[in-house]
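Given the coordinates of chain A, assemble chain B onto it according to the supplied hints.
Residue numbers (the numbering used here), protein chains in the order written: chain A, 104 to 593; chain B, 566 to 661.
These are computed hints drawn from the structure, not numbers from a lab. Do not rely on the hints blindly, as some may be mistaken.
Here are the simulated distance ranges between beta carbons [stated by the list, open to error]:
1. B:LEU639 / A:ASP557: 20 to 26 Å
2. B:LEU573 / A:GLU174: 47 to 53 Å
3. B:LEU639 / A:ARG239: 16 to 22 Å
Listed next, the in silico DSS-like pairs over lysine-lysine satisfying Cα-Cα at most 25 Å (straight line) [said to hold, decoys possible]:
4. B:LYS604 / A:LYS120
5. A:LYS175 / B:LYS599
6. A:LYS389 / B:LYS599
Predicted model only: the values in this text are computed from it and were never measured. Glycine is no exception: its CB is placed at the ideal position from the N, C-alpha and C atoms.
Chain by chain, the residues run as shown.
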Amino acid sequence: MSNNKTPEQLNRRKFLKVAGAASAAAGGLGIGLWSVESGKDPMSHTGEESFQGATQYFNRTKFEVDLPPYEKIGPTRRVDARTEVIFSRIGRLRQEWDDENGIDGLSDDLKAYYEKHPHYLKSDLEYFREVLPKWREDRQKYQDKYVLTHAWNNAMGSVWPPGIPDSEPPEIADFPWTAPGQLARKYKMKSPEKTAELIKQMAYQFGSTLVGITKLNPDWVYKHTMRNRGIDVNKPLDVPEHWEYAIVVGTPMSWDPFYANPTYGSSRESYAKTRIAAYRLAAFIKELGYAARPHTPAGDYDLMVVPIAIDAGLAEQGRHGVLVTPEMGSNIRPAVVTTNIPVKTDKPISFGVEDFCRTCKICADQCPTGAISTEDKVEVRGYRRWQIDISKCHNFWYSNLGNVGCRLCLTSCPYSRKSNWLHRGAMKVSANDPTGLSHGILTDLQQRFYPAPDAEKYFIPSMGGSNASYRKPPHWLQVDEYIDFSGGAK
Amino acid sequence: MTIITSGLFWFILGILFCIALVGFKIWMEDRGVKMVWWKWGLTVIWIAFAGFAIAFAGVSIGENEMTAAGMGGLIFGIAVIVSGFIFWRLLHLGKA
Numbered sequence: 104m105s106n107n108k109t110p111e112q113l114n115r116r117k118f119l120k121v122a123g124a125a126s127a128a129a130g131g132l133g134i135g136l137w138s139v140e141s142g143k144d145p146m147s148h149t150g151e152e153s154f155q156g157a158t159q160y161f162n163r164t165k166f167e168v169d170l171p172p173y174e175k176i177g178p179t180r181r182v183d184a185r186t187e188v189i190f191s192r193i194g195r196l197r198q199e200w201d202d203e204n205g206i207d208g209l210s211d212d213l214k215a216y217y218e219k220h221p222h223y224l225k226s227d228l229e230y231f232r233e234v235l236p237k238w239r240e241d242r243q244k245y246q247d248k249y250v251l252t253h254a255w256n257n258a259m260g261s262v263w264p265p266g267i268p269d270s271e272p273p274e275i276a277d278f279p280w281t282a283p284g285q286l287a288r289k290y291k292m293k294s295p296e297k298t299a300e301l302i303k304q305m306a307y308q309f310g311s312t313l314v315g316i317t318k319l320n321p322d323w324v325y326k327h328t329m330r331n332r333g334i335d336v337n338k339p340l341d342v343p344e345h346w347e348y349a350i351v352v353g354t355p356m357s358w359d360p361f362y363a364n365p366t367y368g369s370s371r372e373s374y375a376k377t378r379i380a381a382y383r384l385a386a387f388i389k390e391l392g393y394a395a396r397p398h399t400p401a402g403d404y405d406l407m408v409v410p411i412a413i414d415a416g417l418a419e420q421g422r423h424g425v426l427v428t429p430e431m432g433s434n435i436r437p438a439v440v441t442t443n444i445p446v447k448t449d450k451p452i453s454f455g456v457e458d459f460c461r462t463c464k465i466c467a468d469q470c471p472t473g474a475i476s477t478e479d480k481v482e483v484r485g486y487r488r489w490q491i492d493i494s495k496c497h498n499f500w501y502s503n504l505g506n507v508g509c510r511l512c513l514t515s516c517p518y519s520r521k522s523n524w525l526h527r528g529a530m531k532v533s534a535n536d537p538t539g540l541s542h543g544i545l546t547d548l549q550q551r552f553y554p555a556p557d558a559e560k561y562f563i564p565s566m567g568g569s570n571a572s573y574r575k576p577p578h579w580l581q582v583d584e585y586i587d588f589s590g591g592a593k
Numbered sequence: 566m567t568i569i570t571s572g573l574f575w576f577i578l579g580i581l582f583c584i585a586l587v588g589f590k591i592w593m594e595d596r597g598v599k600m601v602w603w604k605w606g607l608t609v610i611w612i613a614f615a616g617f618a619i620a621f622a623g624v625s626i627g628e629n630e631m632t633a634a635g636m637g638g639l640i641f642g643i644a645v646i647v648s649g650f651i652f653w654r655l656l657h658l659g660k661a
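Just chain A, with the same shape it has in the complex (with noise of 0.2 Å):
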C-alpha cells in the first residue's frame, strides 16, 4: 500500500509525525511545568501574594557590581537635617523669621545656611507669603471634588505605630530590655546567610514588598538629627556602635491613585504600610535578642534612607534624586532598620538607570515648579549625585489639592509601570542593552504613547493652572459616583 504514495506524500506524513512527536513532547513537559508551578505559585496565596516575596520578582544577580553606582569624589561630610533637610529647617524658619530683622533674626545655623544658599530663602519665603495662602483659598473652593481621596488617605494613615520617645536614647530604645539593666536573650543564629534568609522572608510577611541589606555606611547618618527621637538634634551624633547593618524595606503607593497624582495619590498610605513593616521587623529582631531601630516615614529618620537603599541593592537614584527599582520603578516608600543581627548583606545593582536617566528627562519636563534638573550630576556632600532642588519641589506640595505632596516625578518616570509582559519587557531590554540604544526609543515611544498633560496644568486654578492631574482617578476616588451633592454647594 505504502508503494502508492508519493514521496509529497510521505513528505507530509513525515512532517506531521514529527510535529505530533514534538507537541506530543512539549504538551507533556508544559502539563508538568505547569502543575508544579501552579502547586507552589505565590498567586495562589489569595490575599497574601506580596507576603510570599512573589514581587521581587527581578533577577538582580546579572546586574550586581561590587561598588554603588554613585561616584566617591572628594572629602564627604554627613548632613545637618537641621538646616539641609526642607522640613526641618522650613518650620524654623517659620517660627523664627520676622520681616524687620530678616535673615540677621534667624539662629546662627539657619543664618548661615540662608546666607550660602539665598534661592532657598527665597523659595522657603515663597511657600509662606504666597504658596500657603493661595493653596488655603482654593482648598475651600474646590475641596468637594478630593473628598473621598482625602478620607481614604486620612484612613490609610490612621493606622500608625507611635516613634521612638523623646526620652529613649539608641543605647535604651534599640534594646531588648526584659527589666532594668536586663537584656532578652540573644540567640546565636546559625549563619549570616541564613540569616539574610530568614530576615528576608519575614519581611516579606510584615508587608514589605522589596527587602535589600547593608552594611551601615555612616556618611548616610545625619550629624544633627531632624527629630529627637532620643538623640539631641543640636549634638553631632556619633553613630551608634549597634548601627552595624541597616534592612531597607519599602512598598509601593496603591496604582491607580498612584497615577491619577497629584491631586488623587497618596504617600501616606504607602508610609503606613512601610512604617508599619519597619516596627514589625525590628520587634521580630528584637524578639531573637539582637538590637535594632526602625527609621521610617513619615520624617522619623536619623539617616539618608535612598543612598542606602541603592546600597542594598534595591535601586539606583533617578534623575529625581529617589529611587528606581526594577520591580516597582519609583512607586516605592521605602524605610530603614538598623541593627547588629549578623547577616549577610546584598550587593549594589546597575541596571542602565543612570545611562537611562542622563537622556530621558521626561520627569524634569513633568515637573511643574522645574526642581529637576536637566543638567548632569553635581557634586553633594563629596558624591556625585542628581539633585533636585528641593524648597521648588516642596512649594508645588503645596500648590495642587492632592493629599500632601506631588509625586509626579515618580509617576511619570518610565519605570514606574505597572507589572505585565509589555512594562517587564521594556525594562528587560533597557537593564540588557550595553549600547544605551534603546533608552532613546523607550523614551521616545514613552512620550507618544503615554502622553501628559502641560506641567503647569498640575497646579491650582490661582495659580494658573487646572487642577489636573497625569491619568484620571479609579472610579473608587471618583465624587461624582458616591455622593450627592445635591443638597450643597459643590
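Just chain B now, kept in the frame of chain A:
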C-alpha cells in the same frame, strides 16, 4: 508564575500552532508553494510580530492607556499588514 511561564499556556498554544502550521503547509502546497526552512522562518517571525501587535493593543486597553492602544494598534497594525504583504510575496518565490 505569570501566564507566559505557565506550562498550560504553552501546551495549548503549542497545539494551536501545530494545527495552524500543518494547515498552512497544506494550503501553501495546494497553491504550488513549497515551504523551505527560510520561508518557515519568515512565517514564524510574522506570526510573532502580529501576535505582539494584538497583545500591545490589548494590554494598553487593559491598562486604560487608550492613546497607547490606538497609536500602537495603528502603527504596529500597519507594519503587520505591510510586512505580511512583503513576506507573502517572498513566500511565493520559486513557485512551481
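Comparing the hints with the structure gives:
1. Checking the proposed 20 to 26 Å range against B:LEU639 and A:ASP557 shows it holds: the Cβ atoms sit about 24 Å from each other.
2. At about 48 Å, the beta-carbon gap between B:LEU573 and A:GLU174 stays in the expected band of 47 to 53 Å.
3. Between B:LEU639 and A:ARG239 the Cβ separation comes to about 46 Å, which falls outside the hinted range of 16 to 22 Å.
4. A hinted pair counts as satisfied when its Cα atoms are at most 25 Å apart, and B:LYS604 with A:LYS120 qualifies at roughly 20 Å.
5. For the suggested pair A:LYS175 and B:LYS599, the alpha carbons sit about 64 Å apart, so the restraint of at most 25 Å is broken.
6. Among the hinted pairs, A:LYS389 with B:LYS599 is inconsistent with the structure: their alpha-carbon atoms are about 73 Å apart, more than 25 Å.
Comparing the model with each numbered hint stated earlier shows that hints 3, 5 and 6 do not hold.
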